[in-house]
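As given, the protein sequences belong to chains A and B, one line each in that order.
Counting with our numbering, you get residues 1 to 345 for the letters of the first sequence.
Counting with our numbering, you get residues 1001 to 1345 for the letters of the second sequence.
Keep in mind that the hints were calculated from the coordinates and are not lab data.
None of these values were measured; they are calculated from a predicted model.
Glycine is no exception: its CB is placed at the ideal position from the N, C-alpha and C atoms.
Treat the hints loosely; a few may be bogus.
Just so you have them, the derived chain A footprint on chain B, three or more residues with Cβ under 8 Å [unchecked claim]:
| no. | region |
| --- | --- |
| 1 | 1029-1041 |
| 2 | 1056-1068 |
| 3 | 1120-1129 |
| 4 | 1137-1147 |
| 5 | 1301-1310 |
With the C-beta cut set under 7 Å, the calculated list includes, among others, these residues of chain B facing chain A [to be verified]:
| no. | residue |
| --- | --- |
| 6 | Arg1013 |
| 7 | Ser1049 |
| 8 | Tyr1107 |
| 9 | Ala1109 |
| 10 | Val1323 |
| 11 | Ile1324 |
There are 2 protein chains.
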Amino acid sequence: MGDYASSGVDEEREQAAFSGVMRPWLEKTRVARGGVRVLAGIGSGHFASVIDVGGAAAIAITTDGVGTKIEIARLVGRFEGIGVDVVANNVNDLICVGADPVAMVDYIAWDAVDEEVLGELARGMFLGADAAGVAVVGGEIAQVASMLASRRAGEPVVFDLVGTAIGVQAGPLVDGSAVVAGDVVVGLRSSGLHSNGYSLARRALGEEGVRAHADALLEPTRIYVGAARALWAAGVAVHGMVHISGGGLLNLLRLAAPVGYVLDRLPVPPPVFDAVAAAGGVPAAEMYATFNMGIGLCVVLPESAVDAAVDAMGEGDVIGSVVIGPDRRVEIPAAGLVGRGDTFS
Amino acid sequence: MGDYASSGVDEEREQAAFSGVMRPWLEKTRVARGGVRVLAGIGSGHFASVIDVGGAAAIAITTDGVGTKIEIARLVGRFEGIGVDVVANNVNDLICVGADPVAMVDYIAWDAVDEEVLGELARGMFLGADAAGVAVVGGEIAQVASMLASRRAGEPVVFDLVGTAIGVQAGPLVDGSAVVAGDVVVGLRSSGLHSNGYSLARRALGEEGVRAHADALLEPTRIYVGAARALWAAGVAVHGMVHISGGGLLNLLRLAAPVGYVLDRLPVPPPVFDAVAAAGGVPAAEMYATFNMGIGLCVVLPESAVDAAVDAMGEGDVIGSVVIGPDRRVEIPAAGLVGRGDTFS
Chain A
1 MGDYASSGVD EEREQAAFSG VMRPWLEKTR VARGGVRVLA GIGSGHFASV IDVGGAAAIA
61 ITTDGVGTKI EIARLVGRFE GIGVDVVANN VNDLICVGAD PVAMVDYIAW DAVDEEVLGE
121 LARGMFLGAD AAGVAVVGGE IAQVASMLAS RRAGEPVVFD LVGTAIGVQA GPLVDGSAVV
181 AGDVVVGLRS SGLHSNGYSL ARRALGEEGV RAHADALLEP TRIYVGAARA LWAAGVAVHG
241 MVHISGGGLL NLLRLAAPVG YVLDRLPVPP PVFDAVAAAG GVPAAEMYAT FNMGIGLCVV
301 LPESAVDAAV DAMGEGDVIG SVVIGPDRRV EIPAAGLVGR GDTFS
Chain B
1001 MGDYASSGVD EEREQAAFSG VMRPWLEKTR VARGGVRVLA GIGSGHFASV IDVGGAAAIA
1061 ITTDGVGTKI EIARLVGRFE GIGVDVVANN VNDLICVGAD PVAMVDYIAW DAVDEEVLGE
1121 LARGMFLGAD AAGVAVVGGE IAQVASMLAS RRAGEPVVFD LVGTAIGVQA GPLVDGSAVV
1181 AGDVVVGLRS SGLHSNGYSL ARRALGEEGV RAHADALLEP TRIYVGAARA LWAAGVAVHG
1241 MVHISGGGLL NLLRLAAPVG YVLDRLPVPP PVFDAVAAAG GVPAAEMYAT FNMGIGLCVV
1301 LPESAVDAAV DAMGEGDVIG SVVIGPDRRV EIPAAGLVGR GDTFS
């Protein structure tokens, strides 16, 4: 128990499968059109892919769904927040490469038409798009009942919800290669679990626990586009930006620089994380490698830029600092954890 | 029997739900970034959405999955073609608005990691991307077993496969408003059912019939990007381009011009369509409103441009002509059908 693989999600095997049999094929794909160049593509490890289309600014693109948070929404019959999430998950990734989100498309697979659920999802997508300043320009709805889980009478429709967002680079590609030892990590609070780790959370809490914590569990993912735009407008020297999603604070290691991170000033995680850990006996190493633990976005920048950054964003706290590599690790002293790759120990 | 709604796919109710409760919310979404303008967005009815991002050329975006064709692939255990399809479905839509496809991302939802299936899908995506001249720049794999259909031991993984592609406008937005009575429709052959109508095909054929026709049913969707690029390079005056997907030849009515189409020179549909119709007792009206019936792409252009178009593409036959509106209809005299909206009668 408490192991994410035992929740039916085997991240490690999936990563190995992707690297072994998928990435080699996709890396061979090439753009035929002249003047178009992929700046960050498959396997770059960045939060979004970036393509120089020959225009004034490069285009970034990313895709993400909301995963099994949908199961929580179905259990309590509230879907609006899920609509916000599908926007948030994508725009929060775009800003990390320095792209200003402009538009998105959505994909809904479901087992039957349900006007009420669709209306709630659409209202949520509007709220998310409004907060992010993006237009939802298209989408696809697929009725694929035979491919989806069956349900008992009276249960809401079974569905999946996925988005793809594009942005315009607000400046050069940000990949974290500018990060150096001595930089600091400014953390912005999350609104809860956001959209990651729900298979583990559901298993740990059980149906009763999920119902008891439904409000916290369904809180929509925060949208950090406003913070990013404020940093860009203020000309703050951002060395790296990290959306804390699946993988938790280990996502810092997706920044390109060969450095370590010591997070010695993390805030106390909100109660919902304690509830999951306690109910499921989930060890801290697993919690921190799965959930955001209260921090939804990290901005890595020189210490001299912290005041300007916090002023511009109107929020943010220094949660740690960058230390000399070459050992790429994330230390969380208060939890007694040192993380490398995908795991804390 | 033979009714698409009775196959578990209620297109009409879905369209009404989208128009009633989803589109109104999504139409309110706006791009915050200055200098960015949506040229064709939600509800435009175009094959792709187009956004002026302030660069030299506008960006087009579209998203589509492969639907229940996946069920056929799972039944016979062959997945490569499905990978081609997810590329084809998207790039074939992009060219219809005059966009040159450049990149795509994919999304896979599955119930467990399966290296063999992933490898086949990836190889297919490579083949599709290679044929279309696009780079697959990113993607997402989600393990969401609780949301997907359960399977018996020994059956392949249950999964969904979706793509989103972007393109660079090769010229102005093509929406079919240039189409006029007297224009002709040049049709390019399809390779079979492509990726549409599989819920109906499966129900009509039954498992034995599906196995018997597996090769034809799994034939990958043709990719028409080369044909489009040849037309653009030759400077052919294309008034409208139509990817024949869900909705069959009624897709011609997605062109903006208030005209009718008389398709009096259609080729005989390939045998797989007869097999579906015969096995399921599916009436011609339903067949033609669901399947491409042998034509995968229509190019509408002045009669004087036909020779240049066929020369450039190296294929194509005149299958009909454009007639005076204002009644927006598609007539197929040989089948005794007149279609309006989503239905033939």
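Against the structure, the hints come out as follows:
1. 1029-1041: holds (count 9)
2. 1056-1068: Check passed, 10 qualifying residues.
3. 1120-1129: holds (count 6)
4. 1137-1147: holds (count 11)
5. 1301-1310: Coverage by chain A is violated here, the residue count being 0 at a Cβ distance below 8 Å.
6. Arg1013: holds (5 Å)
7. Ser1049: At 4 Å from the nearest chain A Cβ, Ser1049 (chain B) passes the 7 Å test, so the hint holds.
8. Tyr1107: Nearest chain A Cβ about 5 Å off; hint holds.
9. Ala1109: holds (6 Å)
10. Val1323: violated (30 Å)
11. Ile1324: violated (31 Å)
Hint compliance for this structure: hints 5, 10 and 11 are not met, and every other hint is.
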